[in-house]
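4 protein chains.
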Amino acid sequence: MVTRMSGEIDKTGAIPRVLVWNEYRHEREEPAIGAIYPHGIHGAIADGLRHHGLAVRTATLDEPEHGLTEEALASTDVLIWWGHMQHQAVADAVVERVRQRVLAGMGFIALHSSQDAKIFKQLMGADCTVQWRDDGEKERLWVVAPEHPIAQGLGPYFELNPEEMYGEPFSIPTPDELIFVSWFQGGEVVRSGCTFKRGLGRIFYFRPGHETFPTYFDDNVRRVLANACRWAAPTIKVTGAPKNQNQKAIERIGAN
Amino acid sequence: MVTRMSGEIDKTGAIPRVLVWNEYRHEREEPAIGAIYPHGIHGAIADGLRHHGLAVRTATLDEPEHGLTEEALASTDVLIWWGHMQHQAVADAVVERVRQRVLAGMGFIALHSSQDAKIFKQLMGADCTVQWRDDGEKERLWVVAPEHPIAQGLGPYFELNPEEMYGEPFSIPTPDELIFVSWFQGGEVVRSGCTFKRGLGRIFYFRPGHETFPTYFDDNVRRVLANACRWAAPTIKVTGAPKNQNQKAIERIGAN
Amino acid sequence: MVTRMSGEIDKTGAIPRVLVWNEYRHEREEPAIGAIYPHGIHGAIADGLRHHGLAVRTATLDEPEHGLTEEALASTDVLIWWGHMQHQAVADAVVERVRQRVLAGMGFIALHSSQDAKIFKQLMGADCTVQWRDDGEKERLWVVAPEHPIAQGLGPYFELNPEEMYGEPFSIPTPDELIFVSWFQGGEVVRSGCTFKRGLGRIFYFRPGHETFPTYFDDNVRRVLANACRWAAPTIKVTGAPKNQNQKAIERIGAN
Amino acid sequence: MVTRMSGEIDKTGAIPRVLVWNEYRHEREEPAIGAIYPHGIHGAIADGLRHHGLAVRTATLDEPEHGLTEEALASTDVLIWWGHMQHQAVADAVVERVRQRVLAGMGFIALHSSQDAKIFKQLMGADCTVQWRDDGEKERLWVVAPEHPIAQGLGPYFELNPEEMYGEPFSIPTPDELIFVSWFQGGEVVRSGCTFKRGLGRIFYFRPGHETFPTYFDDNVRRVLANACRWAAPTIKVTGAPKNQNQKAIERIGAN
Chain Y
1 MVTRMSGEID KTGAIPRVLV WNEYRHEREE PAIGAIYPHG IHGAIADGLR HHGLAVRTAT
61 LDEPEHGLTE EALASTDVLI WWGHMQHQAV ADAVVERVRQ RVLAGMGFIA LHSSQDAKIF
121 KQLMGADCTV QWRDDGEKER LWVVAPEHPI AQGLGPYFEL NPEEMYGEPF SIPTPDELIF
181 VSWFQGGEVV RSGCTFKRGL GRIFYFRPGH ETFPTYFDDN VRRVLANACR WAAPTIKVTG
241 APKNQNQKAI ERIGAN
Chain G
1 MVTRMSGEID KTGAIPRVLV WNEYRHEREE PAIGAIYPHG IHGAIADGLR HHGLAVRTAT
61 LDEPEHGLTE EALASTDVLI WWGHMQHQAV ADAVVERVRQ RVLAGMGFIA LHSSQDAKIF
121 KQLMGADCTV QWRDDGEKER LWVVAPEHPI AQGLGPYFEL NPEEMYGEPF SIPTPDELIF
181 VSWFQGGEVV RSGCTFKRGL GRIFYFRPGH ETFPTYFDDN VRRVLANACR WAAPTIKVTG
241 APKNQNQKAI ERIGAN
Chain H
1 MVTRMSGEID KTGAIPRVLV WNEYRHEREE PAIGAIYPHG IHGAIADGLR HHGLAVRTAT
61 LDEPEHGLTE EALASTDVLI WWGHMQHQAV ADAVVERVRQ RVLAGMGFIA LHSSQDAKIF
121 KQLMGADCTV QWRDDGEKER LWVVAPEHPI AQGLGPYFEL NPEEMYGEPF SIPTPDELIF
181 VSWFQGGEVV RSGCTFKRGL GRIFYFRPGH ETFPTYFDDN VRRVLANACR WAAPTIKVTG
241 APKNQNQKAI ERIGAN
Chain U
1 MVTRMSGEID KTGAIPRVLV WNEYRHEREE PAIGAIYPHG IHGAIADGLR HHGLAVRTAT
61 LDEPEHGLTE EALASTDVLI WWGHMQHQAV ADAVVERVRQ RVLAGMGFIA LHSSQDAKIF
121 KQLMGADCTV QWRDDGEKER LWVVAPEHPI AQGLGPYFEL NPEEMYGEPF SIPTPDELIF
181 VSWFQGGEVV RSGCTFKRGL GRIFYFRPGH ETFPTYFDDN VRRVLANACR WAAPTIKVTG
241 APKNQNQKAI ERIGAN
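Chains as they are written, first to last, in the numbering used here: chain Y, 1 to 256; chain G, 1 to 256; chain H, 1 to 256; chain U, 1 to 256.
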């Protein structure tokens, strides 16, 4: 009778299964970056999440199907995405597969320059352009929603020094929730932690993480990512993306 | 150094402590209502929440300080409020005590005619007026945010028959999140499940629950209330409401 | 100095230039529909808008470039879109042209089954699926934001009888503003008037308008569309969509 | 038939009638401030608005009924409020009169330290506490919603130097729209331009304007205030605040 959309419970108490995706080119091609992230950006992120008790796997661009096979996604509650220079190298079919899975309920966390990734722009419905400067400067992330689960355990702010600058105007859709706003030494601000919903999936954009800085070893950053994974994990059983559906009337239609 | 607002963790895995508050006059003064709710509306709500594993106490209008002493609130994570005819009988000092606790992070769930309660209107900053009709008719609550934790375990809709009608325009502030929209047999709709944030506290308004109908014995209603308690429970340590605070500069101020 | 995004005034007091786009196949291929809309759905919409004082042109699918040339868009403040069965027949290059113009500030109004149009889904970042039933039944649109410019001049509700049913769950992103919620005789509700922003463009989705019913001759519908055109018209000079831009520091960067 | 809430048009093309309210104590009691604002803060604001073509009157705390009589409010489309040290001196009856008028549709613009005014806190439903520092430092206001009418005619940012600092956490309810975010030299950020709706009234909070700085002579600040008045002016006929109302059924109720 009640078959329009599944609402079965599939999560209570379970540990979210996180898949960390990374281009993994900078680290292999540029020794200075490889020295910062010897196990890749994905490796550093995965370590941090494991420390926070999450179940974590990784995948990278140069694996078959970028490591994002149907099987891999089918066992993923939350997908974390780091991309920068190789957005165009991601196959459209894989982007569509990920998009379908997000609409079906998988959580999605886009990091830093992934604001320009195909998958993120498609999910946002906008180009998410931003002002930027890669001079290395102090970023101070202010918590504007201290009560939000993603901010749990943080102080009123934390700093990353140095980081790349991203500034407003940041042409994202209106976020459902604004969690962080960043102050930059060079004079800019940016909405640096934002949530969105698309289909049945929860999405979090988190700004920091330029490849030349050890951001993903920072304790506050790791805490944010762990919190975000728990927040983004689906509360429904992920089966398929919603479809247009013809429905019979529940009440009697006609002259009355 | 980082002392502007507390962000300490106080909840991970803990069972929310819920306090159910009720006027408890209808049930004692009107036999027909007493027959539906022999242990009071608060009793029925409390039973449902205990069935879902929550830690529950109750309080009523005619207790000293309406049962809402400093001590009672200090051990409460989420306060549920049911009021109807005696809104003016609630002491202003108690309203202010509850308000301070919500701003400090306590969850708050306002039920049905509590849209007209002092505490709810003060927290909303609006009079939250609504169209109504107490003829008894079918209400069908549609889930418009199936992925939201408050909708966890529900189908696409559920019905209550009969219920009182509440209709738009419902002059609440824009909800942060819209979870339910109700269809009424008499021709109206209303936003029937809405979330808000005030200070550090999470607030949920849930429409159903007229005193002459056994709404709080309904399995779906009980599930919604249990979900809402878990959603509204604070993720921060509740110490005090935020204050205006003078702050020293973090960066050097001056000509540059 | 201040060149990151144009904010020049281009509109004060000017009459919005509206372009009404329609598939225009149903009306030519199905006599019963042609009898309802002898000048096409676009013709009926355009008449209504002209009556309200707007500057209106039309374009249809079977014109060269679907009538949506660079020149046509360059002189358009607000584009209204009606599509149903031929979504796939719209060329991707034209969709991208329209999308760029919306991101650059052109208003966009999507009608009825255009929730499934390429351009609307791309702008939303979701598939915007809906429940539907084409039995012909009463729809009552309730105004939930009476103070909004799009609701100006309306009563608390208006009716269309008969109309097609669209019901929740309607898998759109969280609207920036919710203006209308519809009640259907068959038992459903749907968020039937919603606003969104993408890039610099304002977007309005309005549900009614099945091709077999004379909806676009209805006075209330025409008023809503005229109001929406005025609301969606750009307040900035539309030059181009925002781009990622490298920026020099405003303040001095360095150890301090 | 359709009498639940008035939606009559009362504004098309009309010039908004603005009432600028000010404590007007600092300027008379402190010579240094009087030298900056010889005609009061209200005088400087009024001059700026008149330059932008609005119809402006002023009122101050020490006038009978604070200059906010029923008659004064009855001819006011938008009320601008500047208060700082005398929040408690504003009579509760006047606060309630203003509140009723906002709920009925009058626009309301709260400036700077008016985040702590009785009327603003009552309308917000929160204490709107903020971090502050009055050392005099550079504020840079970034436009995060360039397409919004309140930002019309501005560049990507503008500066005020010096100004008082206000910083996050700023415990306001979630804004309906976020227009400005400020960067401060001392290291903070704050949401400095925010819109809200209460009842039928539109509300704008705008941060700048400490009494010791000539902020209200700044061209960008004046433009923002003029834009905000046009945005906040009611689109409905302002008659009274919404009431709870008993309604007859539109459709037949009963077994079906």
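It should be emphasised that the hints constitute simulated quantities derived from the structure, not laboratory data. Hints are supplied without guarantee of correctness; some may be wrong.
[To be verified] Computed list of chain G residues with no C-beta within reach of chain U, every gap over 12 Å:
| hint | residue |
| --- | --- |
| 1 | Pro31 |
| 2 | Gly34 |
| 3 | Ala55 |
| 4 | Asp62 |
| 5 | Gly67 |
| 6 | Glu70 |
| 7 | Gln86 |
| 8 | Ala91 |
| 9 | Asp116 |
| 10 | Pro149 |
| 11 | Met165 |
| 12 | Ile172 |
| 13 | Asp218 |
| 14 | Arg230 |
| 15 | Ala241 |
[What the hints assert, rightly or not] Lysine to aspartate or glutamate pairs mimicking EDC-like chemistry, simulated, CA-CA at most 20 Å apart:
| hint | chain 1 | residue 1 | chain 2 | residue 2 |
| --- | --- | --- | --- | --- |
| 16 | Y | Lys118 | Y | Asp62 |
| 17 | Y | Lys243 | Y | Glu96 |
| 18 | U | Lys197 | G | Asp92 |
| 19 | H | Lys243 | Y | Asp116 |
| 20 | G | Lys118 | U | Asp92 |
| 21 | H | Lys118 | H | Glu65 |
A virtual CB, placed ideally from N, CA and C, is assigned to each residue, including glycine.
Outcome of the hint check:
1. Pro31: It holds; G:Pro31 is separated from chain U by about 25 Å at its closest Cβ, greater than 12 Å.
2. Gly34: 25 Å, holds
3. Ala55: The claim holds: G:Ala55 sits with its nearest Cβ about 28 Å from chain U, beyond 12 Å.
4. Asp62: 25 Å, holds
5. Gly67: 24 Å, holds
6. Glu70: Its Cβ never comes within 12 Å of chain U, the nearest being 19 Å, so this holds.
7. Gln86: 16 Å, holds
8. Ala91: Holds, because the least Cβ-Cβ distance between G:Ala91 and chain U comes to about 18 Å, which exceeds 12 Å.
9. Asp116: Per Cβ check, G:Asp116 is inside 12 Å of chain U; nearest 7 Å; violated.
10. Pro149: At roughly 18 Å from the nearest Cβ of chain U, G:Pro149 sits farther out than 12 Å, so the non-interface label holds.
11. Met165: Check fails; 8 Å does not lie beyond 12 Å.
12. Ile172: Contrary to the label, G:Ile172 does not stay out of reach of chain U, its closest Cβ about 9 Å off (not over 12 Å).
13. Asp218: Per Cβ check, G:Asp218 is outside 12 Å of chain U; nearest 20 Å; holds.
14. Arg230: The assertion about G:Arg230 holds, with a minimum of 21 Å to chain U.
15. Ala241: 6 Å, violated
16. Y:Lys118 x Y:Asp62: 17 Å, holds
17. Y:Lys243 x Y:Glu96: 15 Å, holds
18. U:Lys197 x G:Asp92: 26 Å, violated
19. H:Lys243 x Y:Asp116: 11 Å, holds
20. G:Lys118 x U:Asp92: Satisfied, since the Cα-Cα distance of roughly 16 Å is no more than 20 Å.
21. H:Lys118 x H:Glu65: It holds: about 15 Å lies between the C-alpha atoms, which stays within 20 Å.
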